[in-house]
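If you're matching them up, the sequences are chains A and B in order.
Positions in the first sequence are counted from 1; adding 256 to them yields the working numbering.
Positions in the second sequence are counted from 1; adding 256 to them yields the working numbering.
Note that these hints are calculated values from the structure, not bench results.
Some clues are possibly wrong.
Restricting the straight-line Cα-Cα distance to at most 25 Å, the calculated cross-link-like pairs of lysine to any residue (SDA-like) are [what the hints assert, rightly or not]: (1) B:K316 to A:K578; (2) B:K568 to A:L311; (3) B:K633 to B:N302; (4) A:K316 to B:R324; (5) B:K316 to A:Q321; (6) A:K568 to A:K578; (7) A:K580 to B:K578; (8) A:K568 to B:P322; (9) A:K316 to B:K633; (10) B:K568 to A:P322; (11) B:K578 to A:P322; (12) A:K628 to A:K578; (13) B:K580 to A:R324.
To give a feel for the contact side, a few chain A residues facing chain B, derived at Cβ under 7 Å [unchecked claim]: (14) R324; (15) W326; (16) H345; (17) Q370; (18) L399; (19) A519; (20) K523; (21) C553.
Computed footprint of chain B on chain A; a stretch qualifies when at least three of its residues, placed anywhere within it, have a C-beta under 8 Å from a C-beta of chain B [unchecked claim]: (22) 312-318; (23) 539-545; (24) 574-585; (25) 633-647.
The beta carbon of each residue, even a glycine, is placed where N, CA and C say it ideally should be.
Number of protein chains: 2
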Amino acid sequence: MASALSSLFSEAGQLANREEPVISRLMKDALETEGLISLAAGFTDNSLLPDREVLAAAEKLASEQPDRNWLQYGTSLGRPGLRQAVIEHLRGFYGETGLNIDPRNCLISNGSQQSLYLTVQLLCNPGDRVLVEAPSYFVFLELLSGLGVEAVSIPTLANGRWDIPALAQLLEQWDSNGQIESLKLLYFMGTYSNPSSRSVPEADKVALAELLRRRERPLPVIEDMAYRELYFDKPWPARSCLSLESWQGMPVLYAGTFTKPLATGLKTGFAVSHNHDWIQALARIKGHQDFGTANFCQALVEILLRDGFYSKYLENTRPVYKAKMDHMSAALEASNIRTQGWSWQRPEGGLLMWLDGPSDADTRIGSSIWQKCLQNKVLYVPGDLCFAGSNPPRNTLRLSFGAIAMDDIPEGIRRLGTALSRSQNSSLYT
Amino acid sequence: MASALSSLFSEAGQLANREEPVISRLMKDALETEGLISLAAGFTDNSLLPDREVLAAAEKLASEQPDRNWLQYGTSLGRPGLRQAVIEHLRGFYGETGLNIDPRNCLISNGSQQSLYLTVQLLCNPGDRVLVEAPSYFVFLELLSGLGVEAVSIPTLANGRWDIPALAQLLEQWDSNGQIESLKLLYFMGTYSNPSSRSVPEADKVALAELLRRRERPLPVIEDMAYRELYFDKPWPARSCLSLESWQGMPVLYAGTFTKPLATGLKTGFAVSHNHDWIQALARIKGHQDFGTANFCQALVEILLRDGFYSKYLENTRPVYKAKMDHMSAALEASNIRTQGWSWQRPEGGLLMWLDGPSDADTRIGSSIWQKCLQNKVLYVPGDLCFAGSNPPRNTLRLSFGAIAMDDIPEGIRRLGTALSRSQNSSLYT
Chain A
257 MASALSSLFS EAGQLANREE PVISRLMKDA LETEGLISLA AGFTDNSLLP
307 DREVLAAAEK LASEQPDRNW LQYGTSLGRP GLRQAVIEHL RGFYGETGLN
357 IDPRNCLISN GSQQSLYLTV QLLCNPGDRV LVEAPSYFVF LELLSGLGVE
407 AVSIPTLANG RWDIPALAQL LEQWDSNGQI ESLKLLYFMG TYSNPSSRSV
457 PEADKVALAE LLRRRERPLP VIEDMAYREL YFDKPWPARS CLSLESWQGM
507 PVLYAGTFTK PLATGLKTGF AVSHNHDWIQ ALARIKGHQD FGTANFCQAL
557 VEILLRDGFY SKYLENTRPV YKAKMDHMSA ALEASNIRTQ GWSWQRPEGG
607 LLMWLDGPSD ADTRIGSSIW QKCLQNKVLY VPGDLCFAGS NPPRNTLRLS
657 FGAIAMDDIP EGIRRLGTAL SRSQNSSLYT
Chain B
257 MASALSSLFS EAGQLANREE PVISRLMKDA LETEGLISLA AGFTDNSLLP
307 DREVLAAAEK LASEQPDRNW LQYGTSLGRP GLRQAVIEHL RGFYGETGLN
357 IDPRNCLISN GSQQSLYLTV QLLCNPGDRV LVEAPSYFVF LELLSGLGVE
407 AVSIPTLANG RWDIPALAQL LEQWDSNGQI ESLKLLYFMG TYSNPSSRSV
457 PEADKVALAE LLRRRERPLP VIEDMAYREL YFDKPWPARS CLSLESWQGM
507 PVLYAGTFTK PLATGLKTGF AVSHNHDWIQ ALARIKGHQD FGTANFCQAL
557 VEILLRDGFY SKYLENTRPV YKAKMDHMSA ALEASNIRTQ GWSWQRPEGG
607 LLMWLDGPSD ADTRIGSSIW QKCLQNKVLY VPGDLCFAGS NPPRNTLRLS
657 FGAIAMDDIP EGIRRLGTAL SRSQNSSLYT
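Chain A extracted, bound-state conformation (with noise of 0.2 Å):
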């Protein structure tokens, strides 16, 4: 029978034979090597956590619902008072004002993971494919090869721009070969987007929705903004597709989320959506998998809404983390790789700094690079696994200023630029 058993997991349901995640193993190295810097994991950064608010809105609660409900189960869909805060809090971005979307058209979720992942569940079969960014989100395409469902880029601008003619013609083509059919989603990232720090322009959704709206078949679309609070000087001057005329009864879903911005550990996220039915089919799947994100955490999330400290919040935290955007870049700037043949742009929010290194640059896991990173204990995210299809560019990377401290920063681009110095290791181009 051992061997029967041994082999259990890897025969039965079709969830079974998949790799563990890149991202688990990114945190287990991380947390595992002594003095490792890490430029890797998408951590924020802890000395920002708001650990005495959330203690202050835990002592609110209990006093002001001695009923103590925010203890108890709530609904799959989520805290109406939550729901309620979320599109207010939604109205208050840049050209978002006139946003009128009832409060049972928002599901709370475990983070926007969950809400990504539920849509996925309810759309897509395996073997359906889901047309992503170039780059895009990794967990992402992790959760679709999970699902075994297929990626497939957006064709893309050497600028980072969508090439909405090009991507109209891979439709036209896949209408007439057939391969339309297995098409179900759409999904990008509109603000400071992981990996490639990028934010789509207005003029690039409206001229996707003109695209999507001429087609027969509507194609389910999914904005996600995790990153949209987290911007450095000014918001990013475009409104969400939820806004857009352009958008207008076209099915479209707004992904954001409490974590990133406000608090990790809380693990608080929402989609919102014109579209009731699409809420409603998350909310019955969620249903089965939790029925409901930890109450106590959306209660505590809604108070710190309601009580105006988000917004206190993030104005002080967007300092922060531009002044280590700021110090990586120097430190970047300072490193003697842009002489040979790196490039990146200064992002303008977010978490994180995306490297475009020279043709022959190789950043896979298993690499020379990678090897000497590892030597050198600096940890970064190769960009291959950021994606879709069998043969990703091989010369990019991911770096976050997220989670590790001001002091380590320049340390870390030191490790980074010596593994990546040509002259010192000519072996590590090929």
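Dock chain B against the given chain A, drawing on the hints supplied.
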């Protein structure tokens, strides 16, 4: 495009065209009807919820862990300290002192519910089969249905115990007709089952192990212990499968939780198995769904366990639920329904009572009894929802004494008794 849009979510992925979980509908009914007494909701008693202790634990976290990692991301598997505490907690149960399990074989999930969901995702494809008790936990049955998996009842004796010889016969029949290939899992509740409040004698677990061990292919088994802590006078005198020699080397998962016995609003449960592959595989899928249960909730539960609060809390909690059960039993005895052919057992733990009606009773949603109860403003869980198969018994119902206030129990049972009274409502029985 409008018509195409409305059909989008019924023609898309495999999870699209499913009904809203019954539990959600019941909860909504309970919340929205003025003056309704719910004997249906599986909520716990708000007056017992440990509000002050949760606040104190949060204060303690903040002072003990100034690095604030309790508000930061954790890992998909869960907090090491909590996983260690879970194993130690299990060692405190009847006959489990020798339990030797590495904390890496424990996964923290969003309630035990998520561990059930992840396991079905892991092991089952649509069309596969899972053996369940008769009756079984109705949210588990809905979960199976949502994932396209068929539930089949374990043959059961009139006294509610498993009919192991009949189960052996069923499996042999499936062996010979090839249906055995689609059997992927057996699920049962070890103690104070939802809905029957039955507990499984150790002898029955041993007999099941002996049957399964004789077979060629191992059959994964879940022992759900969600209510184990909530005994009234003494712990149920049976070891879990984790500690039984007869189960050694067989694939079995122990699902437990801190929601029901501690605080439903913290939504923190766990899965433990000797089979490391099983736990790792669940963590992999969880890595896609939410990469880890809210770290704050985990950290709070860890403190409450570590500092001995949890066991003291249970000591105070048990007499309250026992008193409520006694009160409900007395009210049922005082009603006239026993003379009408209704019967029930006094539970030895848990939050539920299970009523068996005369063979011509019909308690289903929409039945005359159901309608009469809604008119009387009292809600129960129709028993047919708790059975596998297309032709479930219609003459059972589930009552909960968990959430209801002590003082409302007599009135709730009076309303139910009136609705069930044959003399007053001859048309209610078919």
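Okay, the hints, checked on the actual structure:
| no. | hint | result |
| --- | --- | --- |
| 1 | B:K316 to A:K578 | 32 Å, violated |
| 2 | B:K568 to A:L311 | 24 Å, holds |
| 3 | B:K633 to B:N302 | 21 Å, holds |
| 4 | A:K316 to B:R324 | 20 Å, holds |
| 5 | B:K316 to A:Q321 | 22 Å, holds |
| 6 | A:K568 to A:K578 | 16 Å, holds |
| 7 | A:K580 to B:K578 | 57 Å, violated |
| 8 | A:K568 to B:P322 | 22 Å, holds |
| 9 | A:K316 to B:K633 | 34 Å, violated |
| 10 | B:K568 to A:P322 | 22 Å, holds |
| 11 | B:K578 to A:P322 | 24 Å, holds |
| 12 | A:K628 to A:K578 | 29 Å, violated |
| 13 | B:K580 to A:R324 | 19 Å, holds |
| 14 | R324 | 4 Å, holds |
| 15 | W326 | 6 Å, holds |
| 16 | H345 | 20 Å, violated |
| 17 | Q370 | 5 Å, holds |
| 18 | L399 | 4 Å, holds |
| 19 | A519 | 5 Å, holds |
| 20 | K523 | 4 Å, holds |
| 21 | C553 | 5 Å, holds |
| 22 | 312-318 | holds (count 3) |
| 23 | 539-545 | holds (count 6) |
| 24 | 574-585 | violated (count 0) |
| 25 | 633-647 | violated (count 0) |
Checked against the numbered hints listed earlier, the structure breaks hints 1, 7, 9, 12, 16, 24, 25; every other hint is satisfied.
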